[in-house]
Every structure is written in C-alpha cells, then in structure tokens.
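Visitor: Protein sequence lines, in the order shown, are assigned to chains A and B. Residue numbering for the first sequence follows numbering that gives the first Met the number 0, starting at 0 and increasing by one per position. Residue numbering for the second sequence follows numbering that gives the first Met the number 0, starting at 0 and increasing by one per position.
No lab work stands behind these hints, which were simulated from the structure alone. We treat Cβ as the ideally placed atom computed from N, Cα and C, and that holds for glycine. Heads up, some of the hints might be wrong.
One-sided and incomplete, this derived list gives chain A residues near chain B with beta-carbon spacing under 10 Å [to be verified]: (1) His53; (2) Ala71; (3) His83; (4) His89; (5) Leu94; (6) Ser95; (7) Pro100.
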Amino acid sequence: MMVKTLKTTVFFGTVLFCVLVALGGRALSEQATPQQGSKKLPRAYEGAPPLIPHDAEARKGVCLACHEFGVAGAPIVPHPTRNHFCLQCHVGQDLSVKAFPAVSTEEDK
Amino acid sequence: MTLSRRELLKTLAGASAAILASPDALLPIPQDLAEAAETAEEWKKSPCRFCGVGCGVLVGLREGKVVAVKGDPEVPVNRGLLCIKGYSLPKVLYGRDRYNVPLLRQGNKFVKISWSQALDIMASKFKEAIQKYGPESVAVYFSGQTTIFEGYAINKLMKAGIGSNNVESNARLCMASAVTGFYSTFGMDEPMGCYDDFELTDTFFVWGSNFAEMHPILYSRMVERKHQDPNVKIVSLQTYLNRSTDEPADIVAIFKPHSDLAIANAMAHVIVKEGLINSAFIEKHVTFKKGLTGIGYGVEDNFEFGRAAKSDWKTYSPFADKPQPISFEEYKQFLETYTPEYAEKLSGVPADTIRQIARLLGDPKRKAVSCWTMGFNQHVRGTWINNLVYNLHLLTGKIAEPGNGPLSLTGQPSACGTTREVGVLSHALPGGMFIANPEHRKKTAHIWNIPVEKISPRPGYHTMEMFRALDRGDIKVIWINTTNPFQTLPHVGRYRKGARKGGERFVVVSEVYPSETARHADLILPSAMWVEKEGMFGNTERRTHHWFKMVDPPGEAKDDLWQIVELAKRLELGSLFDYGQAPLQKALFEEYRHFGQGSGKDLAPYDVYAKVRGGLRWPVVEGRETRWRYREGFDPYVKKGEGVRFYGQPDGRAVIWARPYEPPAEQPDAKYPLWLTTGRVLEHWHTGTITRRVLELHRAVPFAAVWINPEDAGALGIKAGDSVRVQSRRGEIVTKAQLDGRNTVPKGVVFVPFFDENVLINLVTLDAYDPISKQPDFKKCAVRIEKA
Ligand code: SF4
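The following block holds chain B by itself, in its conformation from the complex (with noise of 0.2 Å):
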C-alpha cells in the first residue's frame, strides 16, 4: 500500500514537469497509474463537478460504481492535487436518499408515479399555460452546474421551439456582474488570461473573495509560487479576515463592504497622480467613458430605472446604461475626489495601505495579477466595481499578457462553459449573441434552421422578475433543474411563498437529493448526476472540459438531458434534436459549435475534447489553444503588428470606466445596526444539497455558524456557542454564535455561510441587485442580532 502511494507520487512529481512542457499534448491515461490504486478496476478522466476551477479528477470505477478519485496529474489546471470537495466525489452519488422516482404533489406529500405520467402531466401543465397566457408564461431555470449539451437543448427547446425567452440560469446569481463587466470594457466575455498567470506573475491582488476556501487549488498554486519566489507580493482586500488573510499575504486591508468602489477609484487617483499610468498603451488601447449614475437597486417589481416601472411587465423597457465618451482629462477630473484620504473615510483602509497598494500595482517592474469573485459581482454596483478593476490594469497597460492580468474568478464548474457561452440566459443567445440584435436572430435561426420569427425579440424575465412574477401569478409554469433556488435566493422568504400561493401555478424541479426547493414542488423528476451522464463543463480560464457516462444513475433517475429531449417530444417539438442516427450529444455539440466558429469562440470538434485530458482553451483554431487573448503572438485573432487588439469593441480599444462611489441599497442604522455578509465554506457546495450527504464533510462543517466580533458579541452577553437570532427588516434565523475559528469578522458585520437549510439565511438578505447585470447583492444587508 505505502509502496503503491509513493509511485503515485513519483508520478505526479514527473507529470507536472511534462504537462509544463507541453500543455496541448494529448494524452493517454497512464498504465502505471492505474495499477497505483488498489480499489478501482479502471480509470477514466472527467472534470470535478464542483467549482469553477475546473480541476481534472481520474474516476476511479469498480463493478458498476465510483469507488475512488484521484487528482489527475496530466491537467495543468490541478497537477493532481484536489480539494475535499473533489477527493469526496465518490461518495456524492451514494447518500441513501437521493431520488429515484419520479414523484408529484398530492396535498402536503408526494407520490411515486412512472416517468410517462410525469412528462405528461409536465407537458400538459406547459401547453396549458402556453396555450391560455402565451410562451412567456413558462420558464425554466438552469444552472451553472448544467452541462453545455443540456444548456445549449433547453436554450433552444425556449427559444426556438416555445417561442419564449424565459431561459435563466442560477448563474444571474453569481456572475452577471462579471459578464456585465466584460461586455462593457472589451466588448466580449471572459477572461483574456489564464491560470498560467499564477505561476508568471510576481504581485497578486485580491479583491473580496475568500479564494483559499471557494477556489482551493487555485489558491495553492499561488501560495507555492509564493513559495517560490520570496519577491513575490500577495496583497488581500477583504471585509473580514479569513483563510485568505492568513500567511502568506503580505498586505491585508480590511474594509468596510462595499467601499471597493472608492478604494479602487483611490488606486487609479495614486496610479495617475505619480505617473505611473503606461501613456503609449493608453494612447493606442484605451478609450474613456461615463454612464448613467444614480441607477437605483431593483428592489421594486418591474424595476426600470431608479424606481419602478409604471407599466406592467408587458410593456416596461429593463434598465439600460447611457455610455458618452469623455476625455483622459475629464476621466482625471472625475478622479480627483478620490484621493485615499477620501477612502480612507469611507472604507476605515488608511490611506497610506491603499497608496502602498496602488504603488505595487503601478510598479513598473512589476507584474499583476488580480482576482475575485462575488465580493464584487454580488454587488449592487457590480459592473462598476468589475469596470474598475479593469481601469486599474489598463492604465497601466498591465494585461493580456504573461503574468499581467484581470482573471475573474467564477463559482460553479460551467457558468463560463454554459450559462455565459451557450447563452442560456433571457438576453442571449449562443456564442455570446443578444436577443434583441435582429443579425444575431438571423444568425441563430440559421444554424437552428427555423423561421427567423419563431424567435422573440423581446428578452425574458431576468432571475429576480422571474421569480418575483411567479409570485405575482405572470409565470404559471417553471422547471426548475439543477439548483436550489428556495434557499439561495435573496429575500427567499416571499419566493418560497409564492412558489406555493397555488392557483394554476406549476413547479417541476429536477434534483438528486431532498432540498428546499424540491420540497417546493409539485412534480420532482430524479436526475442523473455528474458521471452517471456525458458531460462537458467550461471553467473560469475558458476550459473546455468532456467526459463520458461512467456507470448508471440509481433507480429511474435520467439524465437531464433525455428529460429535455422528451418534454419537447410531448410538446411537439422532438425535431428541435432529430440528428438521425449520430449521437445526441456530438450532434448538439457539433452543431452549437457553429455559433462561436470565426467569432473569436471557437471551440475544437466534438471528438477532441473526448480524448484530450483536462480540455482546452478557446478560441481553439488549427487545434491550438489560446492562452491569452488580445495580444499578437498568443490569440490568432491579433494580426501581426497589431501588438495588442480588444477587438470584442469595433474601435479595438478597451473602455475606462469614470464610475463613482454610490452607497449600497440598505446601510446599517440605530434599529439594526450589523452588516450582514453571506458566502461559503470550502467544504460544502453551494446548499449542502449534495455535499451534506457525505459524512466525513457534514462531520466537518455540519451546521452554519453566525461569525459575530467578539467585541459585539461581549456587549450583549453573547459566548461562542450561545444560539443568536440574526434579525432584519425581511426575517430571521437562529444560529449558533462563534467568534474566531476560520473567519474573524470586525466589529459591525456578521457573517453567516448559506449551505445549511435549517439556518436559511436568505430569509434575511435583501434582493436589491445591480442595474446592470440584475445580479443580486448577497453580500450587504442591515441586521441586529440578538441572544435567542
């Protein structure tokens, strides 16, 4: 046994060494290692199912069932190492009461009926709704945890075949304000660097995000680096200390939640005022802008701009910024009241850190590397707060290249592969297109081959209206697959009842295991999950991962995809995936691969991403990956000469933002006067739905704590363990207090993770999101708490 594991290990140590070498090689699985595992008879390569590092796990299989993983030294993207999450995959498809019937609501309990009934019933209540109220009166509601095939059929079954644009995706949650971002500096999604920027960059900055819990391997390959190189410098801006703050970081600023907007805003005033902005990149790259200020938080139903809309849904017009160009001079105007003092005031950051901060950034001799994650895109000001980012490393001329870069961190395994690049959202359509864009209606009616006008020009209800509009009775029908919205969306509290207030309302869920929302069903269909289906994922550095089914789903679950393929069947629409005799999932991807083709999204043939272990980057042209984008010599999309092309914008310049400080939509006052703050903790995915299932993670974490600071928490009487009601204006829950332990919250903000169904904290938050992407802020909120 012992001698086994040091084979693997010697493995592992030259693997990584070949994968550096040759990072577009294919390669085998290879013998040696499998022999290394006692318990597995075979290996096969697929992408962890967590998050959106996009790790590359071997599954190991013996008779019909996972029975081990391993970190797979081949895909540079992990090198063979996994966080917990990764190595309990094994055990995720075991927990003794996942679903594997389908089942319907009768009264308050559900009973067994056969899969025919169920996608009868499901069509019926569908055409129903369709035929009495028109196409937008369903929806559907995927995931970032959907594979592309099923993103990429539900997309089109919406919007090619029911004519409605209600196609949303949990992702809205977690990274609209990212893509918002994107669109509006460069003019195209995703990130233009890669992780390979961690091993080439000498200063790390992050923003908000507690990355050594929520992006594990990420966060090793950057303290190993700073291993490394004793000169390399991690700077960590966060609202509360946690595993991120610890060592090695070298400049820890705490600062007040949603004060990143003036603390940016401080660092380009510093960059600026000492020159240290790169003129000639300026010059030839940039272009400024302002947009509309005073945007309002979308806290009302039918929110236009600033306020609701006086209409009803049918005819109201969503939010949309105003860009106007502006001069380098006016944009250093707008700068000038954000001198670190002024941060200072409003983050409690001194402004000599954030003038230390911002020197490092400009430095020229060095590199930069920033990241982050919901601190920034669950944000009332989330677009801005991402455009500002972007100020910073393109006044400086410091991106799109080896070791210099904006690398936008996302949550779940497939928000980039799906949700973003399929499109699988109510404004878009494949390849990064726009519903409302009559060319790439024409585009995608083509490649769909249907009637340009089967496609609606109008955009469908975004995730907040979509379930503030099943509240309100204008969505009768929703499917519901692959998350758990009734525990993770803001202000859950109205949702939850809404779901239930009956009427012809209808809600299908799609899930593995017992949830918040699959109790808020009338029809629960068993899904497959991760291996028990083909799948491809994308991760955050534009990674496109396949693999096969392993072994079979329990009982008479099936795979979401066949569940699509079949509704459309009952509804008429099964030549929306008649591809004759090729395989369903090659025909899909073959054709969906038509969309990015040309575009600057290209993606390799279907059968490439079968074999290649840990997948490739796009744009993929002449079977090379990309790296980085943007820059002559990396992205075959710069001609020679060009040097450096943001050719997402027509001018091929990207945008500087002048965006200012605005506060956030509710601040703490006398009656409650406590920040709220929500995320994660690295052991559990998302709500626990799956991860709780397996012992050794529930033994660790196994109920959400409230962090509260010990100098609040000792002015009421509170002790670590006491139970504590965390109030606001909206609801409360009660938990346990603890004051240290990973997290070390400041005085005036309480933390509490969402995993934990008993302590749903999203009965408390606040469903404010930002204007721009319609991304809700889970991040700030006003509470009071209390001794319970």
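So that you can see chain A by itself, here it is in the shape it has in the complex (with noise of 0.2 Å):
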C-alpha cells in the first residue's frame, strides 16, 4: 500500500514538473540533452521505433502526461491503442556512451 502512495506522490510529481517545464518553455528538451540540444534523434533504420531523447528512467510510468496530448512540444502519440507499454520499444539515450566495445578489438581477433 505504501508503495502505491509512493508511486502517485511520484506521478502527480512528475506531472507538475511537466506543466512547470511547459510554462516555462523549451527549457525540458533543452535540459535533458545539453550537449546536443536536439530534440530528435535519428532512428536506427526507416521504420524503427523513435528514441527517447531525455532520461526516461526519472519519469517511468508518466509518458502520457506529456505525449498524449504533446505538452511542450512532446510528439504525440501516433499508436492510442498501444499507450501503456511505453518503454518496450522506446529507449532513452546516454549520448555520451561511444560505440562497445570502446577499443578496437584487433588483439582480441
């Protein structure tokens, strides 16, 4: 039970920090990939599903407060019907991480 009170004191958190982001403009996107600063990343081919461009782990389970209905500027939903699994197929990326493994492996071949 505690948890559950836990989970909505986090979600009704989240989505004020959503509206707060929304008054105050771009600022969300622009905070949660700094060095990039941009909002779209490329896919990994036509037709894989949109990754995520801020840290999505810190907002689990309150996607919809901002893509539902695209609060400051979130794209919106194009799959109503396939809401509630989110993260399934939408990943959120540390940009900073190179490609694994770090070092040619020449010596390990």
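Take the two lone chains and join them into the complex the hints point to.
Guide: Shown next as structure tokens:
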C-alpha cells in the first residue's frame, strides 16, 4: 500500500514538473540533452521506433502526461491503442556513450 | 513517408482481426505491407532470434543485407508489435568486430587459420582424447538459441556417433527446473495452455518474474487485456519492485528471496481450508505424492544426495527423487504448518495479502493464469516451487482449458524447440525420451539406424558437473557453441580458471563476436547467425517456427550445422548425415519428426513450417495445431468422454506434491548481510555479446549498475552513481550504485544484471543447484557492499 502512495506522489510530482516545464517554455528537452541540443534523435533505420531524447528512467510511468496531448512540444503518440508499455520499444539514450566495444578488439581477434 | 506508415498501421489493425478468426491459416506476405517499407526490396518471414516469446518478424532485405524488420501482423504471438530488441535485429549482424575467420590461440594471441586447418585441429583433439581417455572425456555445450537442425545434429553426432552423452545446453541454466516440474507433475514436458489464455482469462498471477522487461510482448498482451476489461486482476509477487509491479498490477507482494515455497503452500492451505477446491476434478484427475526432503544443494563436486559422492564421477549415481504416494488427508496434514501467518514470518508478505491472493485464485467465478520464469527455475528448490504452483491449479481444477492454466515462460527462443524437444541434454534423447530407459534407447537406435549398443546407457555430465570436470581435468576437449558460459556460470571464477589450466584441455568456441568465453578459447570458429542460415525455433507455447537463409554471413563465417557435419566427416562419422541428394535441413527435420509421431509431440512436415507464418503449436495432428493439451475437444490425444486426461502419467492423473519449505544454500549473515539477486534488462540479451554492438541498445543501458535500497545505501554513505564493491565469499565486482529508476530493491537486497562483461557479477554468485533439475540458483547468495 505504501508503494502505491509513493507511486502516486511520484506521478503527481512529475506531472507538476511537466506542467512547470511547459509553462517555462522549451527548457525540458534542452535540459535533458545539453550537449546535443537536439530533440529528435536519428532512428536506427526507417521504421524503427523513435528514441527518447530525455531521461526516461526518471520519468517512468508518466510518459502520457506529456506525450498524450503534446505538452511542451512533446511528440503526440501516433498509436493510441499501444499507450501502456512505451518503454518496451522506445528507449532513452546516453549520447556520451561511445560504441561498444570501446577500443578496437583487433587483438581480441 | 507518413502516408505509408499510416497504411501500415491500417494493415496491422485489419490483420489482427483476421488472425483471431483463423489462427491456423497459411498466409502469404501481403503486397501492400511490402510496399509500406521504402528501404527494403523484399520481405521474408522469421522469428525474432532473442527471447522465448517467439515473435514473428518480417525481415526487410536490400542488396544482400538486412535493412529493416517489422513485427509480423499475421503472427498471433505479437500481431505486428516487437520490443526494442526485436527492432534492433537488422543491426545485430553488422557489428564491426564480427568474427569472420577461424582463429587459433598462440600464447596470448590468436592467429588466423583456414577452415580446413581449424577443423583438422579440432577433429584431432577430439580423436586424441577419445582414444586416450574414452568418449566421456569430450563434451559439447550448446544453447537454447541453437536451431532445431543444429541441436538434432550435435545430439546425433555425440550420442550415436562418438558414444558420449556429454551433450548439454545453456538451457540447463534457464529451464531445467521447469522441465523436472512438468515431468514430476504431469509426466510430460511443456505447457498445456498457450498465449491465447491471456485474452481469455481474468486473473493473472506473476511469480518472481519481471516479464515486463524479459517477455515484453507477452506482458503487453496482459496489459491490453487489463485495459479492455477493468474486472481483470493482476497479482504480481516479486522480490523487488520493477516494471512488472508498476501499473496496472492490482496486488503487489514483495517477498523475501526463497520464501515463495512457503507462500505457495500457504495459498494451498487457504484454498483447502476455505473449501475453494474443485473436489470433482481432484477425485477424477489427481493423485498425491511426497518426495525426499533435506536434499542438499549440489555445491560439492560429484554431488549425490545431500553431500558429495565418496566415489569419483565414474561410479557415482546422480541424485534421483523417490516419490511416495500419500492420501489427500496426509496432504492436508502437510499443509497444516503453512498458515498464512507462518508464511508471513518467512516471506514478509502480510498474511491477509496471502489470503486475498489465494481467494482470488480459488474464486470459482474467476479464471486463473500463473506465469513465472527464472525466479522459480533458478532456485535450489526449483522443481518443488514449479510443483507447488501446479498444485494450486490442480486443487481448483483451473488448468488445461481456455483462460485457465499455469504457463511456465521460457527465456530463450528455442529452449523448448531445441533443448527440450530435441533432448540436447546429457540425460535425454529426442522426443522427450531418456538415456537411462532401455526402451527409449531402442527406439532411438532404430530411427538413427545404428546398433542400440552404440548409445551409452549412462547419462553424461550435467552443466555444472561438466565445467567442474573441465576444471578437474576429467574433460579434455569441449566445444562451446552459441553461448557464453565464462560469463554466465555461477561462481564463474573457478570455471574460467579451470578452462585455462592447460594440460590436455582444449576449448573450442563457435561465436559471432568476441566474448568472455571466446577469450578463454584455444580455437575460435566464426559462426553465421539468425537469417544468415536456415533455422527452426520452438517457443514457450509449443510453437515451432521456420525461416530460410536470407543473407550471407560475413567473411568466412559458417553456419553451425556445417561445422557439426564437417567435424563428423573428420571423425569418420559423416555417414550419420548422409541423406543423399535431399537438402540436409529438411532431411534432418523429417528424421527428427519420427521421434514425436504418435507420442503427443507430433510435428507437421517440414514443408508446412516452411510456409506457415508464425508456425504451429504441437501436437500437430492431421494438419491442426493444439492450443490446450489434456482436454477433450482441444487435444486429439484425449478420447471422447474422458474430459481431461493427463496422459503423460500412466494413470492419466496429475500429481499434487507435498513439497516443504527448506532454506536456501546460503543466507545473509553478519559478515555478508545482503541478498544478491541477478537478472537481465529489457535492452540486452543475456551477456550482451550481440545487443551491446547495437549503438541504440548500448546507449540505452551502457553498463550494469548495482541497485541498492536507499536506506542501505545511506547507512554506508553511498549515493547514486558512487562506485560500490559487491563482495561474496567467492569474488567481487565494482560498479556504480543506482537507487531507483526501473527497479527499487527492498532493504537487505541488491540486484545486479549479468549482461556486462566489465561487471562480471557471476564471479560473486554461488554454484548451488537444485539436486533434482541440476539448475543453479542465480537469484540468491549472501554479499556485502562498500564504497569502492
Ligand atoms: S518480445 Fe522477445 S521475441 Fe518479441 S521482439 Fe522482444 S525479444 Fe524478440
């Protein structure tokens, strides 16, 4: 039960945060990807699910608070029947991370 | 672009309706779907190569490359949807460090050699060991990602040709307890129900499985169901909060690791005490049994019963349970101890919550589906806890009918299709038969057209003993294929060292990318993967999929079936795979099919699978698949008038087992005060060997963190992002602390995923196993943490 209360607090806290951000203009996406300043990341290929340009973990469970109606310029979900398991297909990106393996593995070979 | 995507969505919507109306239909890939993709020239069908859900994909091809995938809208498993691992399939083939030539170790380096050199060396090592030390000195360790063709071929080469039963699969680490659970309760492996139950039930029980991350598409079917009908209830019993305890779970119960044994018995206690049993069903279809207790943990080499054998491996007799019939009354007495209050003491779950969950399962107006995976299977009492959940469904008669049934989820794409059904295990033969059974050896020898004496009656080493034998030096040559044991075995430090102890040991590894196991090899063979070869997989719900080769593997990489046949030829055993002019894959499958025919495991002809999108669920009798086994009207093996028959058991009755709570192999104490549990994340497949090469997946989860409870962290002055040492009696790792995000662990528990080769958490885990299934327990051992 305690968990549910906690979740509710987190949920409303986050909604409030989104609303504040919305009122504050474009801060949200800029804040999340300061280096790139890009709201849209290139897809892996044509037809691959769009990537998330902000921290998805910290906002888990509240995707629709912004993406249902496009708060703060957030893209509106184009597939309303599949709105309940977003993070299954859409994943966040730490753009500071280089490709794996980090060094050439020629010697491994 | 936008238009075509909209068109595609329309196709998806229409297609799901069509497939529900006719699940058995053979469907060609529609033209308009192909047109919807601009990047690909051509689309072909395949299953996803990752998890046991077994989603169907359409593979987009252009100029000899895979350039895109889509969820196949005609496949009832996923109806057009995929998870991010599925969507990443086009990229998994093209990592920049793919192995593309055979490599031989010279000191600390690997040098390129030709295939004929590589195979000659491999064959001579096999021959030498067999000659000097007998066939039991060689072993193969394959995978739940091995195709049916490959699994069948390696089984035949070892068991019919070389005369060694040292054939294991990494599926021993992931579903052996599910198998022994099925056999002990039903006398036959694999689920009676199927995914269709997800749309037909109204109550879900999820046990110790974060299936929102590990079986994402199936999880989304449960969530959809809940959103369509608010009367649907979801109960999530877990050892920590994760995505599977998030919305829309109705009841969340966080239990102390290992106490599931007590909770399941307490639920049975409530169901019996409150008269929620189905007496007519029990009378007709159930018997009661108890087995041995105090059975030990297999931490010792040559483990027999509760201890190590006095003799060495050559003469020891591996542990076997001794079932004894009991009465319903005796079973009720057994349950007396398991009051919800007693279970609360062990588990930390309030007695009233346990009652509430039990009443939901017992409610005669409700249906019930239970799901579990590694929480149950990777458990030193894995067989028992599988038995205990079957008990609940048997007591209430909620089994083997639409919307009612226990569904053991499988981790790997072909743990069922290959390892279990083909019998790629040291005690098994194809078609659910056993090495130790003379009748089964006779039938096998007949189909293989060899003298029955060729098949050794002695089961080979199971996985843990196999790697202990390599360490001891009893196994000289091992071929590891499509799996990464030197990252995934528990207490892996011992087995990594063992592999490189030298002497006459020779480790051959077939791989696609550099891995911890490849780094421990003497010879690395570059393999083809997924649609670079033809294959067949079998998923959780008995569904057999087929795909054709679509693109060439890079450089000189070769498919594993070719590698098996070439080795056989060099061992003068090529005749095992001589099918004249017939295409090898088809010939192997048609031969393999004989094993299941008429035994309840009937498979359709090869040509049918080659055509059907999404495959078929066995038994396939007279062209029709089976959705619910053991039930008249659905299962062709149940005769008219029988209603229900568990025909795996000689008396047609399933077994309710009295299985007690027994403590785990290791528990937190003053020196190591925390539980360590390990697992996966959605974005990475197993050891990350493939998925970490996909930039989007790597950037999504670049390393394995240790999840710590904020209170525990606070007490040690650890903040999120700090470096933390996680230490057990066996080894340690250092990684960054995480306190929230997708998981929140309770006080006293830490969680570390195993995908990261730089955070080798299996240096820390304990190699204790379930003596019945021989599956190790990766979910609990004692650790301490400190700021590093
Ligand atoms: S759910 Fe499993 S089978 Fe389906 S796309 Fe994801 S990894 Fe592949």
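Visitor: Now look at each hint and say whether the structure bears it out.
Guide: Now the hints, each set against the structure:
The beta carbon of A/His53 is not positioned within 10 Å of any beta carbon in chain B (closest approach about 13 Å), and the interface hint is therefore violated. At its closest, the beta carbon of A/Ala71 sits 22 Å from a beta carbon of chain B; the interface hint therefore is violated under the 10 Å criterion. At a threshold of 10 Å, the smallest CB-CB gap from A/His83 to chain B is about 5 Å, leaving the interface hint in force. Residue-level restraint check for A/His89 holds (minimum Cβ-Cβ distance to chain B is 8 Å; threshold 10 Å).
Evaluation of the A/Leu94 hint against chain B yields a held restraint, the C-beta minimum of about 7 Å falling below 10 Å. Among the interface hints, the one on A/Ser95 holds; its C-beta lies about 9 Å from the nearest C-beta in chain B, closer than the 10 Å criterion. Hint status for A/Pro100: holds, given a least beta-carbon distance of 7 Å to chain B, under 10 Å.
Of the hints listed earlier, those the structure fails to meet are numbers 1, 2, in rising order.
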